[in-house]
Structures are given as structure tokens and as C-alpha cells.
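Use these hints to put chain B onto chain A, whose structure you have.
Keeping their order, the protein sequence lines are chains A and B.
For the first sequence, my numbering gives the first residue as 1, with consecutive numbering after it.
For the second sequence, my numbering gives the first residue as 118, with consecutive numbering after it.
Some hints here could point you the wrong way.
Below, in silico cross-link-like pairs of lysine-lysine (DSSO-like), each with a Cα-Cα straight-line distance of 30 Å or less [to be verified]:
| # | chain 1 | residue 1 | chain 2 | residue 2 |
| --- | --- | --- | --- | --- |
| 1 | B | LYS215 | B | LYS185 |
| 2 | A | LYS68 | B | LYS215 |
| 3 | B | LYS215 | A | LYS98 |
No lab work stands behind these hints: they were computed from the structure.
There are 2 protein chains.
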Amino acid sequence: MNSHDPTITDPNLYRVIFENERVRVLEYRDEPGDHTHAHRHPDSVMVTLSAFRRRVASGGRNVDVELKAGEVRWVGAQEHTGENVGDTASHSIFIELKEPAPTAAPTADVPLGPSVP
Amino acid sequence: MNSHDPTITDPNLYRVIFENERVRVLEYRDEPGDHTHAHRHPDSVMVTLSAFRRRVASGGRNVDVELKAGEVRWVGAQEHTGENVGDTASHSIFIELKEPAPTAAPTADVPLGPSVP
Numbered sequence: 001m002n003s004h005d006p007t008i009t010d011p012n013l014y015r016v017i018f019e020n021e022r023v024r025v026l027e028y029r030d031e032p033g034d035h036t037h038a039h040r041h042p043d044s045v046m047v048t049l050s051a052f053r054r055r056v057a058s059g060g061r062n063v064d065v066e067l068k069a070g071e072v073r074w075v076g077a078q079e080h081t082g083e084n085v086g087d088t089a090s091h092s093i094f095i096e097l098k099e100p101a102p103t104a105a106p107t108a109d110v111p112l113g114p115s116v117p
Numbered sequence: 118m119n120s121h122d123p124t125i126t127d128p129n130l131y132r133v134i135f136e137n138e139r140v141r142v143l144e145y146r147d148e149p150g151d152h153t154h155a156h157r158h159p160d161s162v163m164v165t166l167s168a169f170r171r172r173v174a175s176g177g178r179n180v181d182v183e184l185k186a187g188e189v190r191w192v193g194a195q196e197h198t199g200e201n202v203g204d205t206a207s208h209s210i211f212i213e214l215k216e217p218a219p220t221a222a223p224t225a226d227v228p229l230g231p232s233v234p
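Looking at chain A on its own, in the form it has when it is part of the complex:
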């Protein structure tokens, strides 16, 4: 845990709902217009529980992401900010992997936001 932990940067949006030795699971809920401070995700799997329209930004780059409820995406370790640019509240789950990656990808190679499936 560090100062870029999303439960510290945005405790009103990110909440720990499960944790053990191997994973930490976050629930994320927001409203249209809500945006997060810069925060870091370790390698994670995201599952959307609602439709989701989001602008993810990092280091001058940004990407718009549009997903339906019930979709699953890999989120490679990265630091970013996010903004709900849709017109509905969003609800999603992040399963964070706590072990170090077996082979670390150079950060520049990790797609910003969720990877294409």
C-alpha cells in the first residue's frame, strides 16, 4: 500500500471488499462526472457490473473506454486517472494480484486502461 493506492487517493469511490494473501478485491462505484486522482493499479482483472463509459489518462495520453455490464478486462499494472464520461452511474470490480509479476513488462508497453480482449 502506498500513497497512490486508490483506496487512499479516492476512498469515496474505491472500497476493499475482500483481501487475502494472493488478491485484493476492490469495488468501484461512481456517478457521471466523477473523476479519480492519480492512482496505481497492480496487474488486475476488471469485471463491469454496469455499463461503463470512462476516460483514462496518464502522462499526457488518454483513452476512452466503453463497456457493457458483465464484461471482463485485463488491466496491466499502471498509474492513471479516470473520469466517468458517461451519463449513468458505474459499478465495477477490480481483482488485484498481490504477487509480483513473473516477468515484468516495461511500463511503456502496457496499454493505458483496460486491454483489448
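For chain B alone, coordinates are given in the frame of chain A:
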């Protein structure tokens, strides 16, 4: 992958929707009365996308599990069969961890089915 892989024992119910070096993600869908053959889960996180009423059995023990949509549960590595004992179709996601557990729990200590949150 082995003969107790659920995508081999029950390919009509379990489907791989994502896989990389660290995780494999399965989508599970069934109808009331459907049941699986004996299969093995590695340490996994389950996310329900629908209500879920299920009888999980292994080695003469069984446990009934009832969850709402949008719930998250740890499933410690285990072998079992499952049966949809509800009256609705069910839909869920399993995020399987591919790396070996840092400290293996004795199988007898792993709760059958999803752990209590």
C-alpha cells in the same frame, strides 16, 4: 490443464474468455438442474453476474450456496461437482490464478465451495 479442467469436463458450461501469463478467466452459464462433472479449480475469485443457487459436493460432503448478482467470493483450490438447485439460469465469472500459491493450504482446510466473505 488436465482431465479435471472444467473446460474439458463441462465444455458446454465453462468457457475461457481471457487468458494471459498470470490468469485464466472462465465464464460459467447454466440452467436449473444442470450439474457439472467432477472438476478442479485452482485458487480463484468468483464474481456472480446473476443470482446463484448451487449445491457443491466433494468426497461425500456437500454445501448449499446462495448468492445475489454482483457478489465476489474466494474459491480456494479444490475439486468438486456443482448443481444449479435454483429456479433461474446462472451466470458467473471465475478468475483463476495461474501461479502456484506462495504457501499451499492443506486441501482439508479449504472450505468447500466459495468462502464466506
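Here is how each hint holds up against the structure:
1. LYS215/B - LYS185/B: Holds, at about 27 Å.
2. LYS68/A - LYS215/B: 27 Å, holds
3. LYS215/B - LYS98/A: Holds, at roughly 13 Å.
Every hint, counting from the list given before, is met by this structure.
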